[in-house]
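Trainee: These protein sequence lines map, in sequence, to chains A and B.
Position 234, counted from 1, in the first sequence is what our numbering calls 234; the numbers after and before it change by one each time, with no gaps.
So our numbering is basically just the index in the second sequence, starting at one, shifted up by 626.
A portion of the hints provided could be inaccurate.
In silico contact screen, one side only, chain A against chain B (beta carbon under 10 Å); selected entries [stated by the list, open to error]:
#	residue
1	299
2	311
3	467
Which bits of chain A does chain B cover? Going by a derived footprint, with three or more residues having C-beta under 8 Å, they are [claimed, not checked]:
#	stretch
4	228-241
5	280-291
6	314-326
Here are the simulated lysine-lysine pairs, BS3-like style, with alpha carbons at most 25 Å apart [unchecked claim]:
#	chain 1	residue 1	chain 2	residue 2
7	B	951	A	266
8	B	956	A	266
9	A	606	A	102
10	A	552	A	570
11	A	153	A	168
12	A	202	B	956
13	A	431	B	956
14	A	266	B	949
15	A	431	B	951
16	A	202	B	949
Quick caveat, the hints were computed from the structure, so don't treat them as lab data.
All C-beta atoms in this analysis are idealised placements derived from N, C-alpha and C, irrespective of residue type, glycine included.
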Amino acid sequence: MAETLTAAPPQVGSFEDLESVVIRFAGDSGDGMQLTGTQFTDTAAIIGNDISTMPDFPAEIRAPAGTLAGVSGYQVHFSSQDIYTPGDAADVLVAMNPAALKACLRDLKPDGFVIVNEDEFTAGNLKKAGYVDNPLDDGSLGSHKLFRIPLTKLNRAALTGIEGLNSKAIDRSKNMFALGLTFWIYDRPLSATLDWVSRQFKAKPEVIEANHRALHAGYHFGETTEAFQVRYHVAPASLPSGTYRKITGNEATAMGLVAAARLADKPLVYSSYPITPASDILHSLAALKHFDVRTAQLEDEIAAMGSTIGAAFGGAFAATGTSGPGIALKSEAMNLAIVLELPMVIVNVQRGGPSTGLPTKTEQSDLLQVLFGRNGESPIPVVAPATPGDCFDITVEAFRMAVRAMTPVVVLSDGYLANGSEPWIVPDPSKMEPIQVSHPVSFGPPAEGAPDFMPYQRDAAGGRPWAIPGTQGLEHRIGGLSKEPGTGNVSYAPEHHEQMVAERAAKVARLAEIIPPAEAHGPESGELLVISWGGTYGSVRRAVEDAQAQGKSVAHVHLRHLNPFPANLKAIMDGFQKILVPELNGGQLSFVLQGRFGRPVISAPKVQGQPYKISELAEHIRAALA
Amino acid sequence: MSTTIPAASLQPLTRQDFVSDQMVRWCPGCGDFAILAAVQRVMPELGIARENIVFISGIGCSSRFPYYMNTFGVHSIHGRAPTLATGLALANPELTLFVVTGDGDGLSIGGNHLLHILRRNVNVNILLFNNRIYGLTKGQYSPTSLPGHKTKSSPMGTVEQSLNPISVALAAEATFVARTVDVQSQHLTEVIRAAVAHRGASFVEIYQNCNIFNDHAWEYVTEKDQRDDRQLLLEHGKPMLFSGGKKGIRLRGMTPEVVSMEDATIDEILVHDAHAPSPHLAFMLSRMNFPEHPVPMGVFRSVEKPDYAHAVVDQVVTAQSQKGKGDLAKLLRGAETWTVTPHRGAADGKGHG
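Based on the provided sequences and hints, a complete structural model is requested.
Mentor: Listed below in structure tokens is the structure:
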């Protein structure tokens with residue numbers, strides 16, 4: 001049921017209220033879709049909607065124009081209700097070319113709107129996208145409501161006469177035309193984007209003019225074409241009161257690292273090697289030098305890990321970030337950090353694997369790698385954020401754990417959290433608990449006959465003194481060889497080796513003392529317990545709540561701590577007949593839970609480089625209860 | 627942790643102050659003993675507080691070194707010592723750092739890290755013990771083993787070209803490059819002193835004898851009665867004379883040649899310039915080898931450039947002077963915020979932070 005502009009019936013002006021809407025902006029990787037989506041999101045957030053977003057872009061910087069491989073998408077879910085995910089399927093698809101239409105149509109609801117730039121539906125572009133016939137004309141769009149807009153032509157017309165602007169620059173701003181149109185449809189103000197453009201292109205008045213005009217033109221086009229008979233309102237959500245901002249997971253991680261260092265009154269040394277999708281953390285931190293953040297881009301992943309160890313030995317708050325094959329490369333040096341017993345944080349923004357895998361797509365498939373992927377007995381604490389904003393809290397917590405137990409701690413973020421965004425209540429740093437760090441201090445040269453400094457003498461939590469170079473009288477040597485307990489002197493004695501292995505395991509296990517207990521969302525006992533971890537939190541929580549609303553006996557535990565587990569996890573599990581574990585890997589948490597607790601679980605793996613949809617989880621819950 | 631510890635409060639230290647309580651476990655007769663003794667001897671002369679000195683090593687015989695020094699130390703993993711030194715310098719640029727490595731640790735598994743710590747000019751003293759063999763793993767050929775060298779892993783002789791550590795260091799933009807010998811303790815001490823005095827990455831190749839797996843590897847150049855004729859002791863600003871002044875190095879076109887001073891005047895002899903901005907001369911010297919030429923010993927190159935960790939911290943200082951010390955609350959607020967109040971239950975305006 002294609003709707004052509006000329007055939008639009010003249011009934012305009014009414015508003016319809018919607019609870020929530022999912023829009024997917026899709027185009028060529030050069031079409032500025034990430035920016036368009038971000039701007040729509042910012043405005044939705046400022047208006048007060050709850051938001052959740054999911055960028056989806058190719059690994060190639062500029063895949064061949066017009067091809068399916070080059071499609072870049074940005075999905076934003078905005079709502080008057082509390083939402084957990086970017087949405088299973090889109091209500092609106094804005095497709096800037098045939099490839100975008102083809103790649104994203106399957107994620108559109110059957111009655112969803114398709115807004116296309118019909119100027120791009122040329123014979124050549126159709127061929128590049130693999131269309132034999134023009135889908136705008138052959139009825140293949142079925143029940144979707146189609147709006148064909150000569151967007152390129154309209155935008156060019158709107159931008160005529162701007163001094164110093166070539167045709168390429170004019171066409172580049174057509175994403176603003178599309179954004180303006182969606183702003184009109186959903187009755188959004190233009191001011192936030194207009195301001196952003198003015199700030200962003202301060203030195204280029206002609207670019208500001210172009211983008212402003214394009215945005216307005218798109219908006220006014222909505223008003224004047226009469227193609228859109230109804231506009232929609234999505235009211236502000238009743239979020240908990242507070243001051244909010246929009247945040248992505250990588251932004252939150254970077255700020256968490258800075259905050260942790262500040263809470264301990266320490267410099268932050270962040271050593272990293274560029275890798276998708278973790279690089280943004282390095283970029284963010286490199287711009288925060290005035291927080292005494294010292295960033296280093298090392299020669300490789302191994303060096304970044306080694307530098308982190310060196311910085312920790314020197315007494316800084318040391319961290320590194322990586323992804324995919326990077327965590328494999330770091331594993332040798334992670335083991336050194338474990339046996340040296342120095343505090344540091346290793347952020348792993350998981351992506352699809354194995355090997356190079358899916359650099360820009362999400363997965364949770366590094367859990368077993370970080371738990372067990374090193375030689376010897378090498379326990380390491382592992383935590384995982386549940387939402388983009390939680391990346392902040394979990395990173396601060398990771399440093400607390402690292403300092404207490406004198407150990408590296410792994411933060412398992414993922415691509416979905418890293419690039420996804422949500423509204424986030426801005427924390428007040430003055431109300432955050434300081435991170436207590438104590439270095440043994442010098443008492444001058446050691447007296448004759450006084451006992452030597454014992455670098456591996458255990459404290460109450462199982463940690464050891466963090467004595468740093470520059471402290472007189474505490475000179476000592478540490479290394480990767482097996483050690484004598486207490487002194488840390490090299491020792492191959494069987495009982496020394498076994499004792500040190502046990503001491504390192506014990507201090508990690510004892511972190512459970514400061515880990516908040518797991519919370520069962522729903523009944524304390526019943527038929528089914530769904531256990532999830534990491535970035536699947538939102539979709540699992542919603543699927544469980546939907547099942548509960550249908551009267552099903554199901555509860556949800558979301559784990560933010562993978563090693564050690566919260567102390568009460570076993571007790572919660574014991575209250576349920578069945579346990580379902582959905583995760584974006586081949587069943588890694590299932591494997592660990594079964595090994596640890598000796599009871600079978602139902603594994604629900606998904607390994608497509610895409611997040612779980614609520615509908616898929618609902619089906620798993622239904623099947624588990626059947 | 628950029629805490630500067632004043633050296634004034636020091637009591638004079640002795641060699642014994644730098645000897646740790648650990649039993650030295652190298653093979654009897656190993657060249658490492660002489661190097662350890664020389665380093666321990668030179669330490670008290672440096673005027674650096676013991677607690678501000680850190681020895682970092684990788685894996686291999688040479689890498690046991692930190693255990694025997696009564697300073698701070700880390701015995702890390704194979705080839706990675708430069709990476710730890712880099713991070714440690716970032717945490718505290720005022721420390722005096724040593725990386726002790728070997729031809730396998732530094733040029734094979736850790737080759738990449740060596741290149742990059744040199745080009746970054748991290749303020750560290752790298753002592754590369756070159757014995758042309760893997761000792762700790764019991765005698766396989768190394769990246770500096772000569773072509774044809776027969777070892778356990780090359781019974782018919784290696785088919786690989788060997789690396790020249792000095793050439794590698796110069797190619798990696800090292801600001802201080804020197805060569806010395808385990809058995810020439812006075813020269814060794816002088817070179818180490820010069821290396822420590824240099825701010826930035828100092829690279830010192832030390833010819834070291836492994837008497838178990840590659841005995842006599844350097845004998846052709848270190849044997850006492852032949853030394854004078856086979857070594858060229860480099861001194862900045864001095865003509866390149868050797869063999870008791872009877873021979874010298876002269877340039878013919880782009881090639882150095884050995885001339886008898888009976889056939890040449892002193893003006894024709896190349897004068898060493900370790901401070902030349904370009905590494906041309908140093909690189910040429912690095913390619914000179916016996917028997918065609920004497921083997922150059924001493925400081926090939928010593929030029930001043932900013933050191934890495936101080937440059938990083940300087941940017942912190944600059945950023946703080948431009949933007950003020952970071953305001954965490956402001957950072958967390960970001961560019962745009964909005965407020966939800968309990969009464970309205972809705973959004974209320976926005977702010978630019």
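Trainee: Against this structure, judge whether each hint is valid.
Mentor: Going down the list of hints, with the structure as the test:
The beta carbon of residue 299 of chain A comes within 4 Å of a beta carbon in chain B, closer than 10 Å, and the hint placing it at the interface holds. Given the 10 Å rule on beta carbons, the hint for residue 311 of chain A holds: about 4 Å separates it from the nearest Cβ of chain B. Taking 10 Å as the C-beta cut-off, the interface hint given for residue 467 of chain A holds, the closest approach to chain B being about 9 Å. Remark: the stretch 228-241 of chain A is confirmed as covered by chain B, as 6 of its residues place a Cβ nearer than 8 Å to a Cβ of that chain, reaching the required three.
Closer than 8 Å: that is the beta-carbon criterion, and the stretch 280-291 of chain A has 4 residues meeting it against chain B, so the requirement of 3 holds. Check on the stretch 314-326 of chain A: 4 of its residues sit with their Cβ under 8 Å from a Cβ of chain B, so the three-residue criterion for coverage holds. Taking the CA atoms of residue 951 of chain B and residue 266 of chain A, the gap is near 13 Å; set against the 25 Å cutoff, the hint holds. Of the supplied pair hints, the one linking residue 956 of chain B and residue 266 of chain A holds, its CA atoms being roughly 19 Å apart against a limit of 25 Å.
With a C-alpha separation of about 23 Å, the suggested pair residue 606 of chain A and residue 102 of chain A falls inside the 25 Å cut-off, and the hint holds. A threshold of 25 Å between alpha carbons decides the hint, and for residue 552 of chain A with residue 570 of chain A the separation of about 22 Å falls inside it, so the pair holds. Only pairs whose Cα atoms come within 25 Å are accepted, and residue 153 of chain A paired with residue 168 of chain A is accepted, the gap being roughly 13 Å. Between the alpha carbons of residue 202 of chain A and residue 956 of chain B the distance comes to roughly 22 Å, so the proposed pair stays at or under 25 Å and holds.
Among the hinted pairs, residue 431 of chain A with residue 956 of chain B is consistent with the structure: their alpha-carbon atoms are about 14 Å apart, no more than 25 Å. About 19 Å separates the Cα atoms of residue 266 of chain A and residue 949 of chain B, which keeps this hinted pair within 25 Å; it holds. Restraint check for residue 431 of chain A and residue 951 of chain B: the C-alpha separation of about 20 Å stays at or below 25 Å, so the hint holds. Under the criterion of a C-alpha separation no larger than 25 Å, the hint pairing residue 202 of chain A with residue 949 of chain B is consistent with the structure, at around 20 Å.
In summary, the structure agrees with every hint in the numbered list given earlier.
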